[in-house]
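Below are the chains, spelled out letter by letter.
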Amino acid sequence: MNISYMYSLIAVVVLFLLAYVGVKLPGGEVFFGVIIPYLAVIVFVLGFINRVMDWSRSPVPFRIPTTCGQQKSLPWIKSASIDNPSTTSGVILRMILEVVFLRSLFRNTKAELKDGDKISYEWEKWLWLFSLIFHWSFFTVLFRHLRFFTEPVPACVQLLEKLDGFLQIGLPILMLSGVALLAAVTFLFLRRIWISQVRYISLGSDYFPLFLIFGIAFTGILMRYFTKVDIVGVKAIAMGLVTFKPHITEGIGSIFYIHLFFVCVLLAYFPFSKLMHLGGIFMSPSRNLANNSRAKRHVNPWNYPVKIHTYDAYEDEFREKMIEAGLPVEKMIEDQTPEEPEEKE
Amino acid sequence: MSDVPKPDELFSSIGYRPPRTGWMDIPVEIKKGIYSYAGNPKSLEYVSLPFARQWNPIDEDWNLPENWKEIISKGFRERLDRFRSIKVFMDICVRCGACADKCHFFIGSGDPKNMPVLRAELLRSVYRNDFTTAGKIIGSIGKNFKKIIGARELDLQVLKEWWYYLFQCSECRRCSVFCPYGIDTAEITIMGRELINLLGLNIDWIVTPVANCYRTGNHLGIQPHAYKDMMDFFADDIEEITGVKVEPSFNRKGAEILFITPSGDVFADPGTFSCMGYMILFHYLQEKYGFDITWSTYASEGGNFGFFTSHEMMKRLNAKMYAEAKRLGVKWILGGECGHMWRVIHQYMDTMNGPADFLEDPVSPITGTKFENAKSTKMVHITEFVADLIKHDKLELDPSRNDHLKVTYHDSCNTSRGMGLLDEPRYVIKNVCNNFYEMPANTIREQTFCCGSGSGLNAGENMELRMQGGLPRANAVKYVHEKHGVNMLACICAIDRAALSASMEYWVPEVEVTGVHELVGNALILPGETKRTMNLRSEPLPGMEDEDAE
Numbered sequence: 000m001n002i003s004y005m006y007s008l009i010a011v012v013v014l015f016l017l018a019y020v021g022v023k024l025p026g027g028e029v030f031f032g033v034i035i036p037y038l039a040v041i042v043f044v045l046g047f048i049n050r051v052m053d054w055s056r057s058p059v060p061f062r063i064p065t066t067c068g069q070q071k072s073l074p075w076i077k078s079a080s081i082d083n084p085s086t087t088s089g090v091i092l093r094m095i096l097e098v099v100f101l102r103s104l105f106r107n108t109k110a111e112l113k114d115g116d117k118i119s120y121e122w123e124k125w126l127w128l129f130s131l132i133f134h135w136s137f138f139t140v141l142f143r144h145l146r147f148f149t150e151p152v153p154a155c156v157q158l159l160e161k162l163d164g165f166l167q168i169g170l171p172i173l174m175l176s177g178v179a180l181l182a183a184v185t186f187l188f189l190r191r192i193w194i195s196q197v198r199y200i201s202l203g204s205d206y207f208p209l210f211l212i213f214g215i216a217f218t219g220i221l222m223r224y225f226t227k228v229d230i231v232g233v234k235a236i237a238m239g240l241v242t243f244k245p246h247i248t249e250g251i252g253s254i255f256y257i258h259l260f261f262v263c264v265l266l267a268y269f270p271f272s273k274l275m276h277l278g279g280i281f282m283s284p285s286r287n288l289a290n291n292s293r294a295k296r297h298v299n300p301w302n303y304p305v306k307i308h309t310y311d312a313y314e315d316e317f318r319e320k321m322i323e324a325g326l327p328v329e330k331m332i333e334d335q336t337p338e339e340p341e342e343k344e
Numbered sequence: 000m001s002d003v004p005k006p007d008e009l010f011s012s013i014g015y016r017p018p019r020t021g022w023m024d025i026p027v028e029i030k031k032g033i034y035s036y037a038g039n040p041k042s043l044e045y046v047s048l049p050f051a052r053q054w055n056p057i058d059e060d061w062n063l064p065e066n067w068k069e070i071i072s073k074g075f076r077e078r079l080d081r082f083r084s085i086k087v088f089m090d091i092c093v094r095c096g097a098c099a100d101k102c103h104f105f106i107g108s109g110d111p112k113n114m115p116v117l118r119a120e121l122l123r124s125v126y127r128n129d130f131t132t133a134g135k136i137i138g139s140i141g142k143n144f145k146k147i148i149g150a151r152e153l154d155l156q157v158l159k160e161w162w163y164y165l166f167q168c169s170e171c172r173r174c175s176v177f178c179p180y181g182i183d184t185a186e187i188t189i190m191g192r193e194l195i196n197l198l199g200l201n202i203d204w205i206v207t208p209v210a211n212c213y214r215t216g217n218h219l220g221i222q223p224h225a226y227k228d229m230m231d232f233f234a235d236d237i238e239e240i241t242g243v244k245v246e247p248s249f250n251r252k253g254a255e256i257l258f259i260t261p262s263g264d265v266f267a268d269p270g271t272f273s274c275m276g277y278m279i280l281f282h283y284l285q286e287k288y289g290f291d292i293t294w295s296t297y298a299s300e301g302g303n304f305g306f307f308t309s310h311e312m313m314k315r316l317n318a319k320m321y322a323e324a325k326r327l328g329v330k331w332i333l334g335g336e337c338g339h340m341w342r343v344i345h346q347y348m349d350t351m352n353g354p355a356d357f358l359e360d361p362v363s364p365i366t367g368t369k370f371e372n373a374k375s376t377k378m379v380h381i382t383e384f385v386a387d388l389i390k391h392d393k394l395e396l397d398p399s400r401n402d403h404l405k406v407t408y409h410d411s412c413n414t415s416r417g418m419g420l421l422d423e424p425r426y427v428i429k430n431v432c433n434n435f436y437e438m439p440a441n442t443i444r445e446q447t448f449c450c451g452s453g454s455g456l457n458a459g460e461n462m463e464l465r466m467q468g469g470l471p472r473a474n475a476v477k478y479v480h481e482k483h484g485v486n487m488l489a490c491i492c493a494i495d496r497a498a499l500s501a502s503m504e505y506w507v508p509e510v511e512v513t514g515v516h517e518l519v520g521n522a523l524i525l526p527g528e529t530k531r532t533m534n535l536r537s538e539p540l541p542g543m544e545d546e547d548a549e
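These protein sequence lines map, in sequence, to chains A and B. For the first sequence, counting from 1, position 191 maps to 190 in numbering that gives the first Met the number 0; every step adds exactly one. For the second sequence, counting from 1, position 143 maps to 142 in numbering that gives the first Met the number 0; every step adds exactly one.
To be clear, the hints were calculated from the coordinates, so they are not data collected in a lab. Mixed in with the good hints, there may be bad ones.
To be verified - Distance condition first, Cα-Cα at most 30 Å in a straight line; then the derived BS3-like pairs of lysine-lysine: (1) Lys-113/A with Lys-145/B; (2) Lys-117/A with Lys-146/B; (3) Lys-5/B with Lys-273/A; (4) Lys-112/B with Lys-117/A; (5) Lys-273/A with Lys-112/B; (6) Lys-41/B with Lys-273/A; (7) Lys-325/B with Lys-113/A; (8) Lys-41/B with Lys-5/B; (9) Lys-68/B with Lys-41/B; (10) Lys-159/B with Lys-142/B; (11) Lys-159/B with Lys-112/B; (12) Lys-330/A with Lys-159/B; (13) Lys-145/B with Lys-273/A; (14) Lys-142/B with Lys-273/A.
Said to hold, decoys possible - Pairwise CB distance ranges, derived in the manner of DEER restraints: (15) Leu-145/A with Glu-77/B: 25 to 31 Å; (16) Asp-116/A with Leu-155/B: 51 to 57 Å; (17) Glu-239/B with Lys-124/A: 28 to 34 Å; (18) Ile-13/B with Ile-2/A: 25 to 31 Å; (19) Thr-185/A with Glu-511/B: 50 to 56 Å.
As the list claims (entries may be wrong) - Below, a sample of chain B positions facing chain A; criterion: calculated Cβ distance under 10 Å: (20) Pro-49; (21) Gln-53; (22) Asn-55; (23) Arg-83; (24) Asn-128; (25) Gly-149; (26) Leu-153; (27) Gln-156; (28) Val-157; (29) Asp-228; (30) Phe-232; (31) Ala-318.
In this text, all values refer to a predicted model and were calculated from it rather than measured experimentally. Idealized CB from N, CA, C, for every residue including glycine.
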């Protein structure tokens, strides 16, 4: 069964070797330090835009929010203005809670059978907690990396660094986000193989990004705390890339190139994978629409006329019986040709 | 129910550990008790559905048209282009598994393909193979690689698996509440059912009601005179119980309001008692306030099994509501207790068959309340209408007539997750009953469990499936039954009334099922009524007879 994660692991190891060996070949540093990063960014940007454009080409024919609270109806009944928004501002709040705090995942429960005749639903907070840590720490790490791409380094980046390293442990100072990222990604991997249901549904494409991100975080930490990479040299490469004056610093070490290569692979892989949930969450019709479809008409651009059974056709079939039962009719019986005999009634 | 295992056997057979073999390598086995019979070709023909034919799900050969793969592929493409929901939901699932144990069919069966994520993967796997670049490239390397990215080719086995599992989802949307991206399996099931309907694959419990509804105006195929007969029969019962003769009107032009409710209320116990509740309520309002309402035999169905067939069929059946309102010249429409009927009215009707510009903005003629939330669709839910009446003290109620009941309330999937109608029915219940107890928080309101038979799965031959799916709801009822002595389960849905009656009988036989308006009908004091000694079920009212004797 678990060829899925074996193959993914092998893929990441192969990528590692590619970078490790490749960078030592003639021209390797230029290839991995300049060409690949540019290509990856191009693929990421174009791929991402293309995917979002493709989604938006399909219309939203019906207003189908999943309502997770009381609707707005009578004025004296308190409505859930965020979980069941009736206005755009409510929708925006709902989306913020969803994107920034993973609101829906916070509801997660675990169903268990107990005592031979009971089912219990216990609050299951770990997936929510570690997903939150994962996304936030990833964001923080990413944001901190702006230090390599800006000169002078913006104050907000420096501030975040201060916060991230507030424990003041070690030299260079330990950044919590890196450790948190590694821990969260490890948790997300372990739950994938430990929880039998999750293992059962997991695909290679679920393990691959986890291994890749683990590789990125791991090589990053290795460089910062252990191999103590030449930071000034790295910054020179990064600045070269963003100013379009590519530059290669000699002797920077292969760990850096492996780190960079992993990041490039992740970027290029992104638009073609489930990682596109980053864009997709904003376009999910069950979350991003206001529940006001009875108050305000929603228009379906491809609404087409359909064949219906009209009242006239209905009355034509049942007229005799309707008259007999004393039901009002549009046309009296003599207007129509006699139908099949129904005397048996 | 004779073939269904005993409740304790069924319960102990549930296990959540998936098999060792990967799901793609487990061929579908269509099991008795789980699957529903194929649609009757006559019904398909009546509503011009394609490929009407005799076929049997357990046969090897399904008599498919030769180019069936092409039809599915074209249909899939069309739907991707028409529905952003399906396109986004095909792409963004990360398989976090949060939805896995949220599905009542998974909780009650342990079948891994009933995990919402896997149900969606059944379609997604084909989508990846046929419609994504990555799927096409990686798939061309070899079959093993396909499997790793979760892609596979559509073949007869896959199609059978679709059919089998698409009719083990009740489109209840509970998974969608827990999904971090709101991926809605209902949406996926709706699309999947549309696709297999292109090949004439359906179940009879859906397609025959559809054909009936198209012809006679209601799912049960009740013809106009018979519809009136049944209502006359209820009127007689009401007279016997209350001493008051109620006279509902039908197809009456110029009435102020049109009333539409599921035909199940006119046909099947215990829905019939709620129907009597409506009749009592309307009579009361007519006597006291000159309320002017009519029923219709043409639009005599609130429910819409077209919704379980395709968007187009939903529209075709739903069209009768506005057409009849227009023909009769009413001001607005009042809708009875029903689940999916209300999802269709709330989220689809105006878009499909509107604008209803020939109607007026709904205003309660009794309280003057403007139903602002329904000002475009012009259709008001009966519990919204009644809650407003009670709030304005317009109903004379004697809740003590329901004192022998300890009531809990089951939120219908569609009214809670496709609308948010949660507190209106509770307000009504609390005003007509003195003993009300909520089930545990994880099983009510937006987290409510399906009755187990929604979306057209209320057949007889799939009883084991229905009891599996009904387990989570029944288990929560059992909890309040044991803790508080609850003996009555109230709901606002015709399918619930039929389905929960069966699942209560199976899982918690001490608890009965009622519509909210049966409770209203029992509590409402009609002008000129005789002392009530019986409830609407013609059962003696405990305590009320004793007083007589004294």
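Comparing the hints with the structure gives:
For the suggested pair Lys-113/A and Lys-145/B, the alpha carbons sit about 39 Å apart, so the restraint of at most 30 Å is broken. Restraint check: the Cα-Cα separation between Lys-117/A and Lys-146/B comes to about 37 Å, which exceeds 30 Å; the hinted pair is violated. Simply put, Lys-5/B and Lys-273/A have alpha-carbon atoms about 43 Å apart, too far for the 30 Å limit, and the pair is violated. Simply put, Lys-112/B and Lys-117/A have alpha-carbon atoms about 23 Å apart, close enough for the 30 Å limit, and the pair holds.
A hinted pair counts as satisfied when its Cα atoms are at most 30 Å apart, and Lys-273/A with Lys-112/B qualifies at roughly 21 Å. Our distance criterion of 30 Å between C-alpha atoms is broken by Lys-41/B and Lys-273/A, whose separation comes to about 44 Å. With a C-alpha separation of about 55 Å, the suggested pairing of Lys-325/B with Lys-113/A is violated against the 30 Å cut-off. Of the pairs offered as hints, the one joining Lys-41/B and Lys-5/B is violated, with about 36 Å between alpha carbons and a cut-off of 30 Å exceeded.
Proximity of Lys-68/B to Lys-41/B is assessed by CA-CA distance (about 25 Å); at most 30 Å being required, the pair is judged to hold. In summary, the hint linking Lys-159/B to Lys-142/B is supported, as the alpha carbons are separated by about 21 Å, within the 30 Å threshold. Our distance criterion of 30 Å between C-alpha atoms is met by Lys-159/B and Lys-112/B, whose separation comes to about 13 Å. With a C-alpha separation of about 49 Å, the suggested pairing of Lys-330/A with Lys-159/B is violated against the 30 Å cut-off.
Between Lys-145/B and Lys-273/A the CA atoms are separated by roughly 16 Å; this keeps the pair inside 30 Å, and the hint holds. Proposed proximity of Lys-142/B and Lys-273/A is supported: the alpha carbons are some 21 Å apart, at most 30 Å. Here the CB-CB span from Leu-145/A to Glu-77/B is close to 45 Å, at odds with the stated 25 to 31 Å. For Asp-116/A paired with Leu-155/B, a C-beta distance near 40 Å fails the hint of 51 to 57 Å.
Hint check: Glu-239/B to Lys-124/A, Cβ distance near 57 Å, so the stated range 28 to 34 Å is violated. At about 29 Å, the CB distance of Ile-13/B to Ile-2/A agrees with the hint of 25 to 31 Å. The given range of 50 to 56 Å is respected by Thr-185/A and Glu-511/B, whose C-beta atoms sit roughly 52 Å from each other. A hinted interface residue such as Pro-49/B counts as satisfied when its beta carbon comes closer than 10 Å to some beta carbon of chain A; here the least separation is about 14 Å, so the hint is violated.
Violation of the interface hint for Gln-53/B is found here, the shortest Cβ-Cβ separation to chain A being roughly 25 Å, above the 10 Å cut-off. Here the hint on Asn-55/B is broken, as its CB sits about 29 Å from the closest CB of chain A, past 10 Å. Proximity of Arg-83/B to chain A holds as hinted, the smallest CB-CB distance being about 4 Å (cut-off 10 Å). Of the supplied interface hints, the one on Asn-128/B is violated, with its beta-carbon coming no nearer than about 13 Å to a beta-carbon of chain A, more than 10 Å.
With its C-beta approaching chain A no nearer than about 4 Å, Gly-149/B sits inside the 10 Å limit, and its interface hint holds. The interface hint given for Leu-153/B is broken, as the beta carbon of that residue sits about 18 Å from the closest beta carbon of chain A, more than 10 Å. Annotation: interface hint on Gln-156/B violated; nearest CB of chain A at approximately 19 Å, more than 10 Å. Hint status for Val-157/B: violated, given a least beta-carbon distance of 17 Å to chain A, over 10 Å.
Hint status for Asp-228/B: holds, given a least beta-carbon distance of 7 Å to chain A, under 10 Å. Hint on Phe-232/B is violated. Least Cβ distance to chain A is approximately 13 Å, over the 10 Å limit. Interface hint at Ala-318/B: satisfied, since its Cβ lies 4 Å from the closest Cβ of chain A, which is below the 10 Å cut-off.
Checked against the numbered hints given earlier, this structure breaks hints 1, 2, 3, 6, 7, 8, 12, 15, 16, 17, 20, 21, 22, 24, 26, 27, 28, 30; the rest are met.
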